[in-house]
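Protein chains in written order, with the numbering used here: chain A, 1 to 225; chain B, 1 to 222.
Treat the hints as calculated values from the structure; they're not laboratory data.
Some hints here could point you the wrong way.
As the list claims (entries may be wrong) - Selected chain B positions facing chain A (in silico; Cβ < 8 Å):
no., residue
1, 44
2, 46
3, 68
4, 72
5, 81
6, 85
7, 87
8, 89
9, 112
10, 149
11, 150
12, 152
13, 198
Here a beta-carbon is modelled for each residue, glycine too, at the ideal position from N, C-alpha and C.
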Amino acid sequence: MQFDYIPIILSLKVAVAAVALVVIGCLPIAALMAKYEFWGKGLVESALTLPLVLPPSVVGFMLLYLFGKNGWPGMFLQHFFHYQVVFTLSGAVIASAVVSFPLMYQSLKAALESVDPNLEKAARTLGAGELRIFFTVTLPLAWNGFIAGLVLAFARSLGEFGATLMIAGNIPGKTQTMPLAIFFDVYAGEGKQANILVLIMTVFSFLVIYALNLWRKKGRKREMG
Amino acid sequence: MIEARFGKKLPGFELEINIALTQGILTVVGPSGAGKTTLLQCVAGLQKPSWGEIRIGGRLVFSSRKAKNVPARERRIGYLFQDYALFPHLTVEKNVLYGKPRGDDRRGKRLPLAEVLRMLGIEHLKNRYPGQISGGEKQRVALARALMTAPELLLLDEPLSALDPETRGALQRELRRLQIEWQIPFVLVTHDLQEAEFLGDQIIRIDRGRQEELGICRPAFQ
């Protein structure tokens, strides 16, 4: 049997791109949600966390609808850029980003909320604008939450299955990521290939969680001096 | 110079303030919850008064009539927080430099970093983090950080309340010295009448938002 390593590369590509998307989207949204009160905030909050509790197949179905021929984002991309998301690696990236967004969002928002507002006020009296305050005071002090969110989102992206299958399909060498390869290998009776992939994913996920716990422990020690 | 006449609705009462100070230290005494911090934060631009006018150094920074509210970052004030509010992830040096205006140090009142650190006796703490220094040292760092912005007015919110009596006495004398050296008005809030009398050239008391003049201690400063 020749080991097919392509799913590993595709999974890493998808996870890195998805986490980049999540960071870009999450930073401004978590910052606004942590600092401002507005009407309907609870509704927005619930919508942002929804992918965490929805079955991945439901998320996949919604994405398929939105990015398909009849959804406005799909029509927009098709019309202006002649680009199709469904059955491409971009679809897998979007599915992973949507599913892992709440993990990053919750972790970052909690960390931003825990930053002492007096520090931000002090920065204001020292002549700093809101963007400078965010990047030089608030975000560095919420760093632990940011990194924790980043790691969890990466791990979740790497393991995304249901929504990815719905929107990106299972095209070997194109959209077949590790979790999809494991499922379809087992389905086709290719146990050995699946065994190796399962081992890689389990060891990797374990290391991620272990490293995160270790880092948190060190962080607590640092805070206590 | 500071001239402020404004009101701010608070839960349960309305804070009404009418102060004017060209030089020296104005101390504000009053019990907890009297509106002292609100007074400072309104002057600083961290809270918005319900009505009135505030001028700092002759410049109108707030006017309800003219719908003007200059943001805190443009008011050119120094603010000392009760808990110092030093940035815990930055060294003493980086804390002090945070608000330093860009440009030439030789112009106006802008001082080079070394001089400010020496003036407050904290040169040796330059590379330490706020978590590694004492309360009195933190207070000096916070003062240095505020002075580096070359403010036209310094607001101090219970700056000595968390310190032991010895450090407190030393810092009281230091505050007076700095005010004379720096030649900008200070507005200092405290709940300790003795401290208010020692430091203040002019004292007011506020209680549940009402202002009461307690007198002018050092007419020479008027």
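Results of checking the hints against the structure:
no. : hint : verdict
1   : 44   : holds, 6 Å
2   : 46   : holds, 5 Å
3   : 68   : violated, 18 Å
4   : 72   : holds, 4 Å
5   : 81   : holds, 5 Å
6   : 85   : holds, 4 Å
7   : 87   : holds, 6 Å
8   : 89   : holds, 5 Å
9   : 112  : violated, 17 Å
10  : 149  : holds, 6 Å
11  : 150  : violated, 10 Å
12  : 152  : violated, 12 Å
13  : 198  : violated, 26 Å
The structure fails to meet hints 3, 9, 11, 12, 13 from the earlier list, while all remaining hints are met.
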